[in-house]
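> Given the structure of chain G, go ahead and fit chains D, L and B onto it with the hints provided.
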Amino acid sequence: MADVRLSLDAFDPAVEIAGFNARHPNAGGIVTFLGQVRDSGGVEALELQHYEPMTLPGMQELARVTERRWPLEGLLILHRSGVMLPGDAIVLVCAAARHRRDAFAAADFAMDHLKSESWFWKREKTAAGWRWIEPRPEDHEDISRWRI
Amino acid sequence: MADVRLSLDAFDPAVEIAGFNARHPNAGGIVTFLGQVRDSGGVEALELQHYEPMTLPGMQELARVTERRWPLEGLLILHRSGVMLPGDAIVLVCAAARHRRDAFAAADFAMDHLKSESWFWKREKTAAGWRWIEPRPEDHEDISRWRI
Amino acid sequence: MAKLVFMGRLEDVAGAPEMAVKPGPVEQVLAALEPALAVELLGEKIRMALNGRLLTDVGGIVLAQGDELAFLPPVSGG
Amino acid sequence: MAKLVFMGRLEDVAGAPEMAVKPGPVEQVLAALEPALAVELLGEKIRMALNGRLLTDVGGIVLAQGDELAFLPPVSGG
Numbered sequence: 001m002a003d004v005r006l007s008l009d010a011f012d013p014a015v016e017i018a019g020f021n022a023r024h025p026n027a028g029g030i031v032t033f034l035g036q037v038r039d040s041g042g043v044e045a046l047e048l049q050h051y052e053p054m055t056l057p058g059m060q061e062l063a064r065v066t067e068r069r070w071p072l073e074g075l076l077i078l079h080r081s082g083v084m085l086p087g088d089a090i091v092l093v094c095a096a097a098r099h100r101r102d103a104f105a106a107a108d109f110a111m112d113h114l115k116s117e118s119w120f121w122k123r124e125k126t127a128a129g130w131r132w133i134e135p136r137p138e139d140h141e142d143i144s145r146w147r148i
Numbered sequence: 001m002a003d004v005r006l007s008l009d010a011f012d013p014a015v016e017i018a019g020f021n022a023r024h025p026n027a028g029g030i031v032t033f034l035g036q037v038r039d040s041g042g043v044e045a046l047e048l049q050h051y052e053p054m055t056l057p058g059m060q061e062l063a064r065v066t067e068r069r070w071p072l073e074g075l076l077i078l079h080r081s082g083v084m085l086p087g088d089a090i091v092l093v094c095a096a097a098r099h100r101r102d103a104f105a106a107a108d109f110a111m112d113h114l115k116s117e118s119w120f121w122k123r124e125k126t127a128a129g130w131r132w133i134e135p136r137p138e139d140h141e142d143i144s145r146w147r148i
Numbered sequence: 001m002a003k004l005v006f007m008g009r010l011e012d013v014a015g016a017p018e019m020a021v022k023p024g025p026v027e028q029v030l031a032a033l034e035p036a037l038a039v040e041l042l043g044e045k046i047r048m049a050l051n052g053r054l055l056t057d058v059g060g061i062v063l064a065q066g067d068e069l070a071f072l073p074p075v076s077g078g
Numbered sequence: 001m002a003k004l005v006f007m008g009r010l011e012d013v014a015g016a017p018e019m020a021v022k023p024g025p026v027e028q029v030l031a032a033l034e035p036a037l038a039v040e041l042l043g044e045k046i047r048m049a050l051n052g053r054l055l056t057d058v059g060g061i062v063l064a065q066g067d068e069l070a071f072l073p074p075v076s077g078g
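Respectively, the protein sequence lines represent chains G, D, L and B.
Using the UniProt record's numbering, you'd call the opening residue of the first sequence number 1 and step up by one each time.
Using the UniProt record's numbering, you'd call the opening residue of the second sequence number 1 and step up by one each time.
Using the UniProt record's numbering, you'd call the opening residue of the third sequence number 1 and step up by one each time.
Using the UniProt record's numbering, you'd call the opening residue of the fourth sequence number 1 and step up by one each time.
Isolated chain G, as found in the complex (with noise of 0.2 Å):
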């Protein structure tokens, strides 16, 4: 049932919101998370990096995992590869359920094992050339969050 792609080139997230409201016409709740290239310290650039045999793979068991969990009416999970300029989209995950928690809780699980368990290798440019990013420590407070 879900929505998950992995996409090379720019997307237009209104585009993408538009389509998956236009799908999901009469759930309660749709909760959409829009993650951004932010235009701030001094970074020119973005390259996220994926692993092809495991990346896409990875994206998908989260969504049988969300919605396993959550009684969602549709789930839609979007992730760029490759290189990024401020202001550019990310990742976009959208979730519709009938009832309003169930939406917030499945996108913002979705977001939070996205940003901490999914094979994606980021490196930022700045004036100083490009540099890998490690891992923030609350990645993982975030992610600990669901453990039941």
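Calculated from the structure, these hints are not laboratory results.
Don't take each hint at face value.
To be verified - Using 27 Å as the maximum straight-line C-alpha spacing, the simulated DSS-like pairs for lysine-lysine come out as follows: (1) Lys125/G <-> Lys45/B; (2) Lys45/B <-> Lys3/B; (3) Lys22/L <-> Lys3/L; (4) Lys22/B <-> Lys3/B; (5) Lys45/L <-> Lys122/D; (6) Lys125/D <-> Lys45/L; (7) Lys45/B <-> Lys22/B; (8) Lys3/B <-> Lys122/G; (9) Lys3/L <-> Lys45/L; (10) Lys3/L <-> Lys122/D; (11) Lys122/G <-> Lys45/B; (12) Lys22/L <-> Lys45/L.
As the list claims (entries may be wrong) - If you anchor each label on the Cβ, the simulated ranges turn out as follows: (13) Gly82/G <-> Trp146/D: 36 to 44 Å; (14) Arg23/D <-> Gln65/B: 52 to 60 Å; (15) Glu138/G <-> Leu33/L: 54 to 62 Å; (16) Gly87/D <-> Gly60/B: 53 to 61 Å; (17) Glu44/L <-> Glu52/D: 20 to 28 Å; (18) Gln60/G <-> Gly24/B: 30 to 38 Å; (19) Leu85/G <-> His99/D: 18 to 26 Å; (20) Arg131/D <-> Thr56/B: 54 to 62 Å; (21) Glu134/D <-> Trp146/G: 31 to 39 Å; (22) Ala45/G <-> His140/D: 44 to 52 Å; (23) Arg64/D <-> Lys3/L: 27 to 35 Å; (24) His99/G <-> Gly52/B: 31 to 39 Å; (25) Thr56/B <-> Arg23/D: 45 to 53 Å.
C-beta: ideal position from N, C-alpha, C; glycine also.
What follows is chains D, L and B alone, placed relative to chain G:
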């Protein structure tokens, strides 16, 4: 800073979301919640009634409280009043923040308070006619999560 | 005149969304209404707002010319 | 031949995103690399995947013709 509106006519959530995103191209994370009239339970129409002197001022105060509580780069609270049909948008909240968790929490908080503390009265039309809806106990549980 | 406003299901009880009343003490205004309506308006869960401001206590309130007193049942928005 | 794949910062250490190697026991394959690279690849935080499946333990693994062994530093997505 917040964009707070009470709409007496139908609004297009996709257009509103696209506009909000365009105004915050460099926010790290944008969370949106869209509430729609569910097509279920034989509900033919839903009416929300507002009280002019209090409803919009209350929404504006909620926006101020939300902005004081989380560091946001943008906040939209848009609520319908009047008669709606299944699939019609009821409420849209968009929160843009540097950090993902702030955007999620702010949108979630604003929705919980819109549901249980904003000045709207709801009735539903089924084959049996119009019936006023009493608040649900869950709405009060939802809001109690935010008391600190 | 002053005005009473009935929100939500109170509109059905009152048979109209609002009612013009003579200015005066609220107790007196309510005493002049249908008893069945007055009982509903004074229900435990009904809040009141005078000219858009919530009242903590209706005792001692006197409606002046042009005042608007709203009766607000529990909200059920979103 | 078999293939080693270096993700994230390991690509910089290896100087290339991948490397063709002769099939054989992984220990033997690693022993033939630059020592500085081999040390990085065996770092505590580096995970390994053989043909897209995570390995819990690299001991005893023998690379066959066409196998792909990926070295995966901690992820930092989204």
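> Hint by hint, which ones does the structure fall short of?
No hint contradicted; all consistent.
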